[in-house]
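The lines below spell out each chain.
2 protein chains.
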Amino acid sequence: MTKDNSLVFVALGGAGEIGMNMYLYGYGPQSNRRWIMVDVGVTFPDMDGSPGVDLIAADPEFIEAQADKLDGIFITHAHEDHVGAIGRLWPSLKAPIYARAFTAEIARLKMQDAGEDPDKIITVDVWPAQVEAGPFKVGFMPVSHSVPETSGLVIDTPKGRVIHTGDWKADPTPQVGEPYDEALLAEISKDGVLALVCDSTNVFSPNPGRSEADLVEPITQLMKDATGMVVATTFASNVARLRTLAIAAKDANRTIVVLGRAMHRMIATARKVGLLTDFPDTLDARDAGDVPAENLFILASGSQGERRAASAQLARSGHSGLSLRAGDTFLFSSKTIPGNEVAVGYIQNQLARQGVTIIDDEGGKYHVSGHANRPDLERMHEIVKPKGLIPMHGEYRHLAEHARLAEARQIPSVVADNGAVVELTAEGPKIVEHIETGRRYIEGNQTFGALDGIVRDRLRMAMRGLVVANIVFDENGNLLGDAWIEVKGLFTDIDGVDDALQRKLEDDVTKTLEKAKRRVREDDEQVEKTVKARINTMAQRLIGKKPEIIVMINRVED
Amino acid sequence: MTKDNSLVFVALGGAGEIGMNMYLYGYGPQSNRRWIMVDVGVTFPDMDGSPGVDLIAADPEFIEAQADKLDGIFITHAHEDHVGAIGRLWPSLKAPIYARAFTAEIARLKMQDAGEDPDKIITVDVWPAQVEAGPFKVGFMPVSHSVPETSGLVIDTPKGRVIHTGDWKADPTPQVGEPYDEALLAEISKDGVLALVCDSTNVFSPNPGRSEADLVEPITQLMKDATGMVVATTFASNVARLRTLAIAAKDANRTIVVLGRAMHRMIATARKVGLLTDFPDTLDARDAGDVPAENLFILASGSQGERRAASAQLARSGHSGLSLRAGDTFLFSSKTIPGNEVAVGYIQNQLARQGVTIIDDEGGKYHVSGHANRPDLERMHEIVKPKGLIPMHGEYRHLAEHARLAEARQIPSVVADNGAVVELTAEGPKIVEHIETGRRYIEGNQTFGALDGIVRDRLRMAMRGLVVANIVFDENGNLLGDAWIEVKGLFTDIDGVDDALQRKLEDDVTKTLEKAKRRVREDDEQVEKTVKARINTMAQRLIGKKPEIIVMINRVED
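So the protein lines, in turn, are chains H and R. All residue numbers for the first sequence refer to UniProt numbering, where the first residue is 1 and numbers rise by one. All residue numbers for the second sequence refer to UniProt numbering, where the first residue is 1 and numbers rise by one.
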C-alpha cells in the first residue's frame, strides 16, 4: 500500500453491462481518499433473474462505508440508468448532488418519489462553470444524446484533467438543447487530458452516427401521407423526438394528444426549465373524441412494450376513450432494446389484428441512436488525445473492442469492469486493485443485496412449485392426526383424481413418521430431513418433479 | 349446421404464433368428419409465462375427444416445433404416424424418450408415393428448409388438391437432401389447386432468399484465415450447415470435434438414413488435447445461448477438457431467435473476456434463413395459382401481411389463427366456425392445461414471495401457543434485525386471533380471511409489499 497521493477511477456499475451506471473518482493515499460519484442509475428486473424486484442499482456498499469521504454526486443526464436510484440510495450517501437544470428537475422528482428532500439537488451551470468538491473541480460540458442537457464532466484534479463523457453522440443539430461542440472539446483538451473515460455502447456500429435533424423530413412526410389517425411511441425522455413528432403532426393539421404519465412528466419538466418553447398545444385525450381520425396524432409512452404503458393499452383495448381502427398508423420511433422483442411483438400483433399499419425503425428512417458510433469515437480520441482511455458504458465485449480501438491509435487503455480500481497516470491507466461490487435490489420500501438468497428462493418456487407439510406431535412425540400437505404451483391430479397428489403425500408422510423411531420423531431436524426426503421421492414418482418443500412441525404441550 | 360434405382446415397451433405447429384437415359433414393431423410440435417455456414447465404443445383436446376419427398424423420435418410433442401426445391420439426417413428417425427418438413404441412411426417415400388416410391421400413433396428431407404435403381430397407447404425455402442447392424443385411444383399444381396453406415466417423479408451454397466460400475462407482454434455453433438440426462447416474445416487442415448431445444425435441420424455420406471423420473431444489449436475445429451445440449446451460450457469453463484462449475464433453460424438475445450476449461477453474473436451473422455472410422470403412466396403463388391461400406459421402480423400479398394477386385469402375452422371451396377459403384452442404444458410425467392456474400460482410466489401462517387451536377454539410464520422469498430484516418480519407478523397475528370473537376462531374460513388480511396490512407497512399467503389451521382434539 502506497502512501503517495494517487488518482483512481472505479466503476461500481455500468462497466461490463449496459445499465445501473455508478462511477467513482478518488484522490489521496490509498488508505484515505476523498471521493466523488458520477451517476446513480438503475437497471430493470426480469423474471429470469429478479422476479418481484422493483428496480436494481449497483451496490454502493464500498462508498457507503466511507460516506463521510464522499464530497459530491454528479448526475450527467436524466436517463433512468444514470439517475433512477438517486432517491432510494441517497439516504446512505448524503453528499450534495449536482446536475444541470433539466436533469436536476428529474432528480428532484426521484427524491420526492422516495420521500427525500428534493432540495438536496443543486442546479449547476454549464461549462465553464465549475463545482468544487474536495480535491476535485467538476464542470458540465455539453454533449448531445437522446435526452436534453446531457453533459460530459470535465474533472480537474491535482494529477490533471479527466474527461468523463457520460453517454454522448456527435450531433451538431440535436433539435433540443446544445449541440455537440467539437471546438469546445478541443479547447477543453488543448492543455492535455490525463484520461478519457468514454461511452462504448455503439463501438460495433461502423458508420458515423446520424443527427436527430435527419428525422424531421421523413416523420413530417409520414404524418402528411397517413390517411387515418397516427400514433407514435418513443422513449419519453427523448424530448427532441417528442418535439419533432409533435411539430410534424401540427404541420400535417393534426391535433396532438399525449398519453402516458412518463411523457407528460418529461414534457412538463422540459417546459419548466425553458427547453421546449415551441412545443405545440396539446389536447386532453378526453376531449379528442370529436376530432376526425385524420386530424389526430397521439404521442404514446411504452415503446418497449411495457404492459401498463399507453401503447400497450391502446393496442389492447384503447386508452382514455381513444382506440385504433383499420387504416390507422402506428409508428415505433424507437429501437427495441434486446430482451424486449417479445413484448414489442405482442403489441404489433394486436395492432395487426385491428388492421393498423405498423411502421417501425426501417433501417433508421424514423429513429437515430443516442450513442456515438465507432467513427465518432475515433474522432473524439483524435481531438482529446488523452494519455489514457478507459471504456465504460458497455458489456465486456464493447469495452474490449473500445480498448482495441484506442490502442490502435497508441492511446494506452485498460478494460476495467465493475470493481477494478484504475490508477490514472501520465503513463496511462493501470488496474491497481479490485474491490467487491454487486447489485442492490430495490423493492417495496426495502433494499437488499442480490446475493441474499431471497430471489433464489422465489426462482425455486417458480420452477419447482411448492409443497408445505404441516405436522403436529403431542408431548410424547406421537403424531396428533395425519400429516397435512398443501400444494401450490403443482399439478395435483393423478389418474383423473383431483388433489390426489396431496392425499398420497399425506398418507405416505404419515406412515413414514408413524414408523420412524422415537428419537427421530423427537428431533425437529430429523423430522424435517425425513419428511423432505419422502416428499421428494414420492413427488418424483407421482409427477416426475421434485418440489420446493417447507416443513412446519408443531409440538403441542400440555 | 350443414349435412353436406365439406373440406376444412383448422390450426390448433402455429397460426398466430411461431412454434408448436399442429394443423388438422377434416372432410365430411360438420357433425361427423374424418381428420388428419399435420405436425405435433412444441414451443419452449420461459420465466415470464411458464416457469418450471418442460415443453409446451398446442392443446389437442378438440381432436382427442374424437380420436377415433383421426386417420393419420403426418410430420413434415424434424424440427422441434413440428415433431417435438409426438411422443408425449400420441397416447391420446393413437393414429398412425407418417414421415420420411430422416424425420421418422427423429420422431422415433421422441417416442422412445416418452416411453412409447417407436414402431408406430411409418417411413414413407417421397412424392409421387401417396398414403391413404380415410378420405385423404397424402404425398410428401420435397421442399428445402434448414433440416434434411423437409416436405410439403400434397393432400388429395374429394373436393380437390391442397398443398400444405410446411416450412420451406426456395433453395436449388441446399447441400444436403433434395433441392426445391419448381418444375415438380408446377407439375403437381397443373390440374388446379384448391388451396395453398403456406409458411409466412419471412413475409417481411424483401429480398429473395439465399442458398445454403452461398455460405461455402466465406466459411471455408474463415477456417483458413483463422490462426487459433475455430469453434462454430449453429442449430444442431441444420445438417447441411454442419456438413459445410466440417468440410471447410477439413479443407483448412483442421481436425473436427463435435460437442453436444443434440449434434451427435443429428449427425448419427443423418448418417443412418444415408444423408451424410461425405461428412469428415471426427475425433473424440477427450483425444483432442494433443491437437494444436490451429489444427482444431469444434462444432458446438447451443447457438441460442442455452445455459447447459456445449457453447455456453465452452465459454464458461471449457468442455471435455477443451477450452478457449486469446486468439481463438468463435463463429455464430446462426440467427438469434427473438427472446434469446440476452443469453447469447452473455456467452459473447464471456468469450470477449478470454480474448476470443467473435464472428456473428454479419449481414448473412455466415448464415442463411430456412424460410421463403417475400419474393419467394410471390413466386410460389404464381406457380401454384391456388383458388385460395391460407397463411400459416407466423404471428398475426405475418399472417395478415401474407394474406395481403395473396389478395394483391387476386388470390382469395383469410387470416385464420388458431381455432378458426376454414372451409376450403373453389370460391376461396371461408371461416365457418371457431373452436377452442389453447396450450398443453408438458412437465415431468404429467401434462396439464395452461389455464389450470398452476403456473399462475408459481408466478405469484415468484413476484410476491410467500408467507405461510401455521395456527393451532385447541378443542375450545383457543390458540395453542403463538401463530407461527414462515417466510420464503422475502427480505425479512427490519431495522437491521434478522427475521424481524416473521416475529412481527407472529406477534400481530397472535394478538389479532386472541382478540377475535369465538365464532370467528371456530370457523376456518373466517380465520383464514382474518389472518390473510392482517398479514397483508402488516407486510405492506413493514416491507412495502403484499406477499402470497398460505394459512394452515390445525385443530387439536382430545
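These are calculated hints, taken from the structure and not from any lab test. One or more hints might be untrue.
Stated by the list, open to error - A few chain H residues that face chain R, going by a derived Cβ cut-off under 8 Å, partial list only:
1) Pro51
2) Leu55
3) Val342
4) Leu451
5) Ile454
6) Phe491
7) Val497
8) Lys515
C-beta: ideal position from N, C-alpha, C; glycine also.
Taking the hints in turn, this is what the structure says about them:
no., hint, in the structure
1, Pro51, "holds (4 Å)"
2, Leu55, "violated (13 Å)"
3, Val342, "holds (5 Å)"
4, Leu451, "violated (12 Å)"
5, Ile454, "holds (6 Å)"
6, Phe491, "holds (4 Å)"
7, Val497, "violated (13 Å)"
8, Lys515, "violated (22 Å)"
Of the hints listed earlier, those the structure fails to meet are numbers 2, 4, 7 and 8, in rising order.
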